[in-house]
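Protein chains in written order, with numbering that gives the first Met the number 0: chain A, 0 to 145; chain B, 0 to 675.
No lab work stands behind these hints: they were computed from the structure.
Some hints could be false.
With beta-carbon atoms standing in for the labels, derived distance ranges [said to hold, decoys possible]: (1) B/Leu305 to A/His76: 47 to 53 angstroms; (2) B/Asp649 to A/Asp98: 44 to 50 angstroms; (3) B/Ser536 to A/His35: 21 to 27 angstroms; (4) A/Arg53 to B/Glu459: 22 to 28 angstroms; (5) A/Asn26 to B/Ser480: 56 to 62 angstroms; (6) A/His35 to B/Ile570: 25 to 31 angstroms; (7) B/Asp575 to A/His35: 53 to 59 angstroms; (8) B/Ala672 to A/Ile30: 53 to 59 angstroms.
From the three backbone atoms N, C-alpha and C, an ideal C-beta is built for every residue, glycine too.
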Amino acid sequence: MTEVMTEQTKLIVFQLHDKEYALEVENVRSIEKLEHITRVPKTPEYVKGVINLRGVVTPIVDLRVRFGLSSVQDTEHTRVIMVILEDKEVGLIVDAANDVLDVRTEDIEDSPDVAGVQEADYVAGVVKLDKRLLILLHLDKVLQAL
Amino acid sequence: MEMSQYLEIFIEESKENLQACNEQLLALEKHPNDLSIVNEIFRAAHTLKGMAATMGYDDLANLTHKMENVLDGIRNGVLAVTPGILDVVFQAVDDLEAMVFSIADGGDGKRDVSDVVRLLQQIESGDAPGTAAEQEVAATATALPSRLTYEAYEQTVIEEAIEQGFKCFEISVSLREDCLLKAARVYMVFELLEKDGEVIKSDPPVDQLEEERFDRDFTVSILTMESAESMAGKVESVSEIDRVSISPIETGTFRSSEDTFTEPSPEKIQHEIVEESTPRLKEENAENVKKAAPSSKTIRVNIDRLDILMNLFEELVIDRGRLEEISKQFDNPELNETVERMTRISGDLQSIILNMRMVPVETVFNRFPRMVRQLAKDLDKQIELKIEGAETELDRTVIDEIGDPLVHLIRNAIDHGIETPEVRTKHGKEPFGTVKLKAYHSGNHVFIELEDDGAGINKEKVLQKAIDKGIVSSDQALTLSDRQIYELILSSGFSTAEKLSDISGRGVGLDVVRSTIESLGGSITIDSTVGEGSRFSIQLPLTLSIIAVMLVDVKSEKYAIPLSSIIETAIIKKEDVLHAHNQKVIDFRGKVVPLLFLEEVFEVPSEGDEADQYSIVLVRKGEKTAALVVDSFIGQQEVVLKSLGHYLNDIFAISGATILGDGQVALIIDCNALIH
Numbered sequence: 000m001t002e003v004m005t006e007q008t009k010l011i012v013f014q015l016h017d018k019e020y021a022l023e024v025e026n027v028r029s030i031e032k033l034e035h036i037t038r039v040p041k042t043p044e045y046v047k048g049v050i051n052l053r054g055v056v057t058p059i060v061d062l063r064v065r066f067g068l069s070s071v072q073d074t075e076h077t078r079v080i081m082v083i084l085e086d087k088e089v090g091l092i093v094d095a096a097n098d099v100l101d102v103r104t105e106d107i108e109d110s111p112d113v114a115g116v117q118e119a120d121y122v123a124g125v126v127k128l129d130k131r132l133l134i135l136l137h138l139d140k141v142l143q144a145l
Numbered sequence: 000m001e002m003s004q005y006l007e008i009f010i011e012e013s014k015e016n017l018q019a020c021n022e023q024l025l026a027l028e029k030h031p032n033d034l035s036i037v038n039e040i041f042r043a044a045h046t047l048k049g050m051a052a053t054m055g056y057d058d059l060a061n062l063t064h065k066m067e068n069v070l071d072g073i074r075n076g077v078l079a080v081t082p083g084i085l086d087v088v089f090q091a092v093d094d095l096e097a098m099v100f101s102i103a104d105g106g107d108g109k110r111d112v113s114d115v116v117r118l119l120q121q122i123e124s125g126d127a128p129g130t131a132a133e134q135e136v137a138a139t140a141t142a143l144p145s146r147l148t149y150e151a152y153e154q155t156v157i158e159e160a161i162e163q164g165f166k167c168f169e170i171s172v173s174l175r176e177d178c179l180l181k182a183a184r185v186y187m188v189f190e191l192l193e194k195d196g197e198v199i200k201s202d203p204p205v206d207q208l209e210e211e212r213f214d215r216d217f218t219v220s221i222l223t224m225e226s227a228e229s230m231a232g233k234v235e236s237v238s239e240i241d242r243v244s245i246s247p248i249e250t251g252t253f254r255s256s257e258d259t260f261t262e263p264s265p266e267k268i269q270h271e272i273v274e275e276s277t278p279r280l281k282e283e284n285a286e287n288v289k290k291a292a293p294s295s296k297t298i299r300v301n302i303d304r305l306d307i308l309m310n311l312f313e314e315l316v317i318d319r320g321r322l323e324e325i326s327k328q329f330d331n332p333e334l335n336e337t338v339e340r341m342t343r344i345s346g347d348l349q350s351i352i353l354n355m356r357m358v359p360v361e362t363v364f365n366r367f368p369r370m371v372r373q374l375a376k377d378l379d380k381q382i383e384l385k386i387e388g389a390e391t392e393l394d395r396t397v398i399d400e401i402g403d404p405l406v407h408l409i410r411n412a413i414d415h416g417i418e419t420p421e422v423r424t425k426h427g428k429e430p431f432g433t434v435k436l437k438a439y440h441s442g443n444h445v446f447i448e449l450e451d452d453g454a455g456i457n458k459e460k461v462l463q464k465a466i467d468k469g470i471v472s473s474d475q476a477l478t479l480s481d482r483q484i485y486e487l488i489l490s491s492g493f494s495t496a497e498k499l500s501d502i503s504g505r506g507v508g509l510d511v512v513r514s515t516i517e518s519l520g521g522s523i524t525i526d527s528t529v530g531e532g533s534r535f536s537i538q539l540p541l542t543l544s545i546i547a548v549m550l551v552d553v554k555s556e557k558y559a560i561p562l563s564s565i566i567e568t569a570i571i572k573k574e575d576v577l578h579a580h581n582q583k584v585i586d587f588r589g590k591v592v593p594l595l596f597l598e599e600v601f602e603v604p605s606e607g608d609e610a611d612q613y614s615i616v617l618v619r620k621g622e623k624t625a626a627l628v629v630d631s632f633i634g635q636q637e638v639v640l641k642s643l644g645h646y647l648n649d650i651f652a653i654s655g656a657t658i659l660g661d662g663q664v665a666l667i668i669d670c671n672a673l674i675h
């Protein structure tokens with residue numbers, strides 16, 4: 000077990016409002032700029048539509064709406080993080096993609112105290128790094144229940 | 000974990016091997032004395048057994064083993080081919096198929112096969128009814144049956160050699176399953192044998208052995224002065240050999256190749272027949288070899304990879320379009336030339352990629368002979384199935400879907416179409432009915448026709464039934480054309496069979512056939528003549544991945560409507576819209592057609608300007624029609640159909656998406672979901 004504890008994990012860090020979130024790098028396929036989105040009717044509000052990602056029609060989810068945060072006007076920093084989970088490929092709209100970090104698995108805290116935050120359901124853990132607090136997302140739950 | 004990557008290959012190859020078993024068994028039924036067919040079946044079964052054992056599917060391996068024992072008996076002349084034995088072997092193959100399909104569906108491939116196993120064991124021990132007599136004859140005739148068959152001149156050679164004091168042996172060699180260089184081992188065996196004697200024959204023939212076109216076993220006959228033990232010992236000294244068995248051949252124990260041809264010739268001109276048919280047999284063999292040869296030059300590619308290739312290629316086409324625009328602006332001859340060349344090459348590339356997805360319909364058709372045989376047996380009918388155009392190619396996705404509808408139609412034709420032999424004879428027809436399955440290309444479509452020479456469809460009966468079931472009103476019935484009446488049998492809730500049989504008429508009927516075919520963008524028509532038979536003609540698009548659509552604007556959004564569901568387009572005035580039961584309708588060519596505003600259906604953000612006329616697209620689903628209101632027509636286009644992926648499933652009235660020339664995504668409307 001000690002070996003596992005000292006293992007490193009790569010995290011993709013991104014910004015939503017004033018918070019920093021993270022996803023494990025193996026779930027992230029690429030980071031893209033926001034392009035024309037085709038709206039898909041009769042889908043939940045957080046599904047923005049579909050885009051053409053190199054010939055593959057890929058659905059786009061607005062994480063801000065998914066987490067119940069207020070929507071923000073897109074800026075030049077707005078990015079789409081393409082994630083892959085099993086057979087699902089989805090793009091997540093975020094305010095900015097900040098960083099790629101190496102984190103020791105032991106630094107990830109399992110039961111985070113983020114009560115009161117609406118997105119608590121989707122949180123898998125938190126990482127404290129100096130003065131930064133990264134919220135590690137549970138991708139399975141983010142993509143669940145459509 | 001390690002195995003999972005082989006599982007797919009295992010399943011595919013097992014299906015192929017079982018298919019080979021089925022085909023060859025049918026061939027064996029026609030030519031019960033042709034041992035080369037038995038060898039083929041044996042080879043397929045053997046490969047299947049080996050793979051199943053490697054993958055850990057013991058039930059599958061065991062049953063195959065039992066079946067193999069029976070085949071071995073036939074091959075060695077201990078058992079004679081009788082319909083009884085074939086039935087059991089067919090049943091075993093059925094069970095094997097069920098196991099493989101269960102594995103393919105994620106199951107464990109287990110199945111209760113004790114019945115079949117018992118039957119197989121009975122046959123193997125010679126207890127099966129109908130085989131005993133023949134077996135006795137076989138047993139007395141050949142004390143030590145030879146495994147190989149010998150031509151007349153070979154027999155003479157052996158006889159003469161034996162007279163001169165040589166001994167003749169048949170040496171059967173099994174290579175180890177993990178043997179890598181089979182041809183090399185064969186070469187070593189031959190070299191050893193030829194030091195001490197003369198190899199006169201081998202099975203499979205030497206050229207096939209050299210090309211490794213055999214499984215693990217081969218048999219050679221040799222003339223030598225040495226003893227059996229010393230020969231066997233020498234062969235065993237070659238490494239990677241599993242087993243060697245040696246048996247002496249004496250004159251009189253030959254299984255002559257002539258036997259194969261004596262039976263079907265009532266005339267007493269055997270010699271001529273032998274001479275004529277021997278080369279014919281060789282030709283057939285040569286054909287088999289030719290057929291087998293291309294398989295060594297193909298590779299299996301996962302269809303997903305082809306999809307990725309296609310996607311990337313489409314991106315290239317979009318960029319090519321942009322490049323063409325740019326080159327026009329610059330008007331540089333060199334640039335223009337290069338872009339033109341690129342356009343041509345990418346055009347060729349596109350057709351190659353599309354062709355890669357094409358599969359001959361054979362892959363669907365080849366399971367039908369077996370099915371027809373079984374159905375004919377179950378129903379006590381005599382049926383001949385003729386297949387034409389099995390080489391016609393269709394997109395893989397269409398192939399996967401078309402199997403079940405065809406099974407339905409064939410069952411229907413055999414159950415309801417073809418009469419019993421007695422009835423047929425009474426009507427002055429041949430006692431055996433013919434079912435013809437034909438596939439061919441025409442334009443951008445593939446046609447599959449199923450023709451039977453049975454009783455045909457009784458119009459009055461169909462109409463009466465349809466009226467009884469409330470499918471049409473008696474007023475409507477008067478206006479229907481013959482074809483429309485026949486097509487009533489494709490409506491849901493229709494079944495004309497007076498008595499329900501096992502074969503068809505289980506409620507899920509021909510309506511499923513029609514809906515499947517329509518969902519593939521195809522159509523089905525029926526022609527029939529009472530007393531002479533019926534013809535079901537299916538028209539299918541060449542490929543599912545490219546469909547013709549009408550692009551329309553709905554406010555600022557673009558949608559694609561498949562041309563296959565469009566009847567026509569029109570522009571109507573606002574004052575022509577009528578109201579009926581809270582529903583806006585129009586009177587279109589004497590028919591009341593409901594209006595559907597796509598803007599409302601798809602909740603398109605509205606900009607609020609109302610025009611005084613509507614652009615409508617009339618679409619149909621079966622007999623029903625609806626008018627979709629759009630803002631404007633953009634035009635017809637061939638587009639590549641794409642799925643919305645696994646995240647967004649079951650989106651209302653959207654069947655997929657496509658990527659337009661500007662790189663944007665347009666959604667494809669599923670008209671079937673819009674019409675109720």
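query = Honestly, which of those hints from before does the structure not fit?
reply = Failing hints, ascending: 1, 2, 3, 4, 7, 8.
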